[in-house]
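> Here's the letter readout for the chains.
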Amino acid sequence: GMPVEQNPPALSLYEGADSGLRCNFSTTMKSVQWFQQNHRGRLITLFYLAQGTKENGRLKSTFNSKERYSTLHIKDAQLEDSGTYFCAAEGSGGSNYKLTFGKGTLLTVTP
Amino acid sequence: NAGVIQTPRHKVTGKGQEATLWCEPISGHSAVFWYRQTIVQGLEFLTYFRNQAPIDDSGMPKERFSAQMPNQSHSTLKIQSTQPQDSAVYLCASSLDVWATQDTQYFGPGTRLLVL
Numbered sequence: 277g278m279p280v281e282q283n284p285p286a287l288s289l290y291e292g293a294d295s296g297l298r299c300n301f302s303t304t305m306k307s308v309q310w311f312q313q314n315h316r317g318r319l320i321t322l323f324y325l326a327q328g329t330k331e332n333g334r335l336k337s338t339f340n341s342k343e344r345y346s347t348l349h350i351k352d353a354q355l356e357d358s359g360t361y362f363c364a365a366e367g368s369g370g371s372n373y374k375l376t377f378g379k380g381t382l383l384t385v386t387p
Numbered sequence: 020n021a022g023v024i025q026t027p028r029h030k031v032t033g034k035g036q037e038a039t040l041w042c043e044p045i046s047g048h049s050a051v052f053w054y055r056q057t058i059v060q061g062l063e064f065l066t067y068f069r070n071q072a073p074i075d076d077s078g079m080p081k082e083r084f085s086a087q088m089p090n091q092s093h094s095t096l097k098i099q100s101t102q103p104q105d106s107a108v109y110l111c112a113s114s115l116d117v118w119a120t121q122d123t124q125y126f127g128p129g130t131r132l133l134v135l
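So the protein sequences, as listed, match chains A and B.
Mapping the first sequence onto our numbering, position 16 (from 1) lands on 292, and the numbers just tick up by one.
Mapping the second sequence onto our numbering, position 58 (from 1) lands on 77, and the numbers just tick up by one.
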């Protein structure tokens, strides 16, 4: 299967709602990054995690290397949260520093 | 800190022409990565340099694509004899040091290449 499986492919939320995205990995990964791609196509780094959980404002991300998954939770969704969210994982073997990306989650937040 | 700079932002070429894309990594970053984004394939790794040395080009198409990093302040991705299927957004990223504890990759705005 795909090395990085990201779900859901698309998500619609009303302002103020909470929801989460998830990435499953086919193998053990060293780290994960979460990005938001805005309407101009710019990839904005949200989180880098080698393990555990990080929070930043209304966003929280968890990475469990052993269980091979990572999540991104969005709390109190706002219109400006709309965009495509990607997880990207770095392999744990050898000099495998490249990022392998999920297919993305298209998030639409409506009033 | 201007972040990762990529030029040009948009490029239109005719089939068979050459395209050169430029990337200026964040000052002080030792690792530079190139990725490509298409609707069909999503985001794919192409190649990566560390301290200007090519480390992994496993994602590069074997023909027509080449990348160089002649100095620590810029890298180029060259596509010879461009084909319509090369149309994509080409993204450059840099990180402080892949040996560091947290080697976050920071991405540039991308170059949108259209081959007619």
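Hint data in this document are derived by calculation from the structure and do not stem from the laboratory.
One should not assume that every hint holds.
Claimed, not checked - EDC-like mimics (lysine to aspartate or glutamate), calculated; alpha carbons at most 16 Å apart, straight line:
{"#": "1", "chain 1": "A", "residue 1": "Lys306", "chain 2": "B", "residue 2": "Asp122"}
{"#": "2", "chain 1": "A", "residue 1": "Lys379", "chain 2": "A", "residue 2": "Glu281"}
{"#": "3", "chain 1": "A", "residue 1": "Lys379", "chain 2": "B", "residue 2": "Glu63"}
> Confirm or reject each hint.
So, going through the hints one by one against the coordinates:
{"no.": "1", "hint": "A/Lys306 x B/Asp122", "verdict": "holds (11 Å)"}
{"no.": "2", "hint": "A/Lys379 x A/Glu281", "verdict": "holds (7 Å)"}
{"no.": "3", "hint": "A/Lys379 x B/Glu63", "verdict": "holds (10 Å)"}
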